[in-house]
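Engineer: Here's the letter readout for the chains.
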Amino acid sequence: MICIQDHDAIEFAGLAGELLLKNGAETSRVEDTIERICKRAGFTDTEVLVFPTGIIINGKHQGANLTLAKRIHIRDINLSVVSLINDISRKYADNKISLEEGLAKVKEVVTHPPTDNGFLLLLTAGALASGAATILLGGSWRDFAPAILATGLVRIIVGAAAFNLVYILQMYLAGLFSGFIGSLFVDFGFGMHLDKIIVGALVPLVPGVALTNAVRDFISGDLLSGTLRMVEALLVAAALAGGVGFALAVYSGYLRHLIF
Amino acid sequence: MYFLVVVTLILEMVLAFFTSMFTGITLRSPRSAWFTIGLAGMLGWWASQSLSGKNIPELVAAVAGAVVIGTFAEIMARVQKHPVTVYIVSGIIPLVPGIIAYNSMLSFLEKEFTRGLFLAFRAFLIASYLAAGVAVVPLIIRHFRLLVSRRRKTLKTDRP
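First to last, the protein sequences are chains A and B.
Position 145 of the first sequence, counting from 1, maps to 222 under my numbering, and the rest follow consecutively.
Position 49 of the second sequence, counting from 1, maps to 65 under my numbering, and the rest follow consecutively.
Hints in this document: simulated from the structure, not taken from any laboratory.
All values reported here derive from a predicted model rather than from experimental measurement.
The reader is advised that the hints may include incorrect statements.
[Unchecked claim] Subject to a maximum C-alpha distance of 25 Å in a straight line, what follows is the list of computed DSS-like cross-link-like pairs (lysine-lysine):
1) K168/A <-> K99/A
2) K127/B <-> K182/A
3) K116/A <-> K182/A
4) K97/B <-> K173/A
5) K147/A <-> K116/A
6) K168/A <-> K182/A
7) K70/B <-> K99/A
8) K147/A <-> K184/A
9) K116/A <-> K168/A
10) K97/B <-> K168/A
11) K184/A <-> K99/A
12) K116/A <-> K97/B
13) K184/A <-> K97/B
[As the list claims (entries may be wrong)] Label pairs and their calculated CB-CB ranges:
14) S66/B <-> G266/A: 47 to 53 Å
15) L126/A <-> R131/B: 40 to 46 Å
16) V23/B <-> A181/A: 51 to 57 Å
17) T130/B <-> F265/A: 30 to 36 Å
18) D264/A <-> R94/B: 35 to 41 Å
19) I91/B <-> D164/A: 42 to 48 Å
20) V187/A <-> K127/B: 49 to 55 Å
21) V76/B <-> H150/A: 38 to 44 Å
22) H84/A <-> I91/B: 39 to 45 Å
23) I149/A <-> V76/B: 35 to 41 Å
24) V76/B <-> Y331/A: 43 to 49 Å
Ideal Cβ placement from N, Cα and C applies to all residues, glycine included.
With the hints as constraints, model all of the structure from the sequences given.
Structural biologist: What follows is the structure, given as structure tokens:
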């Protein structure tokens, strides 16, 4: 017999897995978390199938099967959520909190995600990261201010214009604007090294999460997830490079003659 | 002369610290991990920088930096109770071969496809070696912990 508590348990496992997968956890962590929750809730034969675009859970309790499928559409990286869900699932598995408390906590993460980092903080942090990266890559101190301004402008433009755009298109726009803004700054005499300014401006957007997770998935044997994530990382890198390339080609071909 | 080298290295380590930490903030890492993320980036940069340019292949330098970051992340994950992902993703950011990828893109624009492909593959290899080096340490530790726990279980069941 399946009771309400079993439905709660599998909903808890599904929500936790969905949040982990959406916010940048690797596949084996998602599978481990779901299996841990299901085992603690009393399911016997738990089978979990996790792809970057969906989750399927099947649990057996007293001879009856219970299945849950989740489709993951939007992905957004928020490592605080990963840490929080990891903590909740471990506490539940160690019998420190009950099923109702765990489900309530996970639902609270859905409705009120940890938003102590507002847009302004993200903007400042991204700009300062670019400034530091520009000098680290070998730029002079004169490149510091242009890199900071370029990243700030890129973040504002992409954040405002592409609020609901596809992720890949957003990355393409970021590359495009950083190429244009960097070239303008260098031509007006504010910066010295165009390559360092552009690469520095794009450093916070590098697909690091996708790449590291892809390789970790490959090593732990999740070949399908690893392939998909590797393709995602390559696509993002190609979009960034394509945007910069288009901007540089158009700028040096046409815009420079118009402006100067 | 030696003084200048040391000052440059310290300055670069500070810059790597800030690059990693601020990237971690943009990825919305937990607040208590911000400083440690910066330390991970700094140590990784130090390890890879002290090896590079001494007749050592760049891939080896990248892997050395990545292994240092992975070890530090594994220790800090135990201490601060955050997932390893939080530390390694932002820690490798200063080591990412951005300039090589940029030059590859420029070569494609200038229709030098052979050089562009060569540079693109080089950047891709360095990036995947970084990710592999960072991922290997936690996996090895997990494997040995599994072995130890299995052994303990068999010892317990063997006892009469």
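Engineer: With a cut-off of 25 Å on the C-alpha distance, tell me whether K168/A and K99/A pass.
Structural biologist: holds, 21 Å
Engineer: Does the Cβ-Cβ separation between I149/A and V76/B fall within 35 to 41 Å?
Structural biologist: The hinted range 35 to 41 Å holds for I149/A and V76/B, with Cβ atoms some 38 Å apart.
Engineer: Is the Cα-Cα distance between K184/A and K99/A 25 Å or less?
Structural biologist: holds, 15 Å
Engineer: With respect to the beta-carbon atoms only, verify the hint that T130/B and F265/A lie 30 to 36 Å apart.
Structural biologist: holds, 35 Å
Engineer: Can you tell me whether the CB distance of H84/A to I91/B sits inside 39 to 45 Å?
Structural biologist: Because 40 Å falls inside the window, the suggested range holds.
Engineer: Does the structure keep K97/B and K173/A at a Cα separation of 25 Å or less?
Structural biologist: The hint holds at about 16 Å.
Engineer: Holds or violated: 47 to 53 Å for the Cβ distance of S66/B and G266/A?
Structural biologist: violated, 36 Å
Engineer: Are the Cα positions of K70/B and K99/A separated by 25 Å at most?
Structural biologist: violated, 42 Å
Engineer: Going straight from one Cα to the other, do K127/B and K182/A come out at no more than 25 Å?
Structural biologist: violated, 55 Å
Engineer: Indicate whether the distance between the beta carbons of V23/B and A181/A respects the range 51 to 57 Å.
Structural biologist: Hint holds: Cβ distance 54 Å, inside 51 to 57 Å.
Engineer: Assuming the hint says 49 to 55 Å, is it satisfied by the Cβ distance from V187/A to K127/B or not?
Structural biologist: holds, 50 Å
Engineer: Within 25 Å, alpha carbon to alpha carbon, are K147/A and K116/A?
Structural biologist: Satisfied, since the Cα-Cα distance of roughly 19 Å is no more than 25 Å.
Of the hints listed earlier, those the structure fails to meet are numbers 2, 7, 14, 18 and 19, in rising order.
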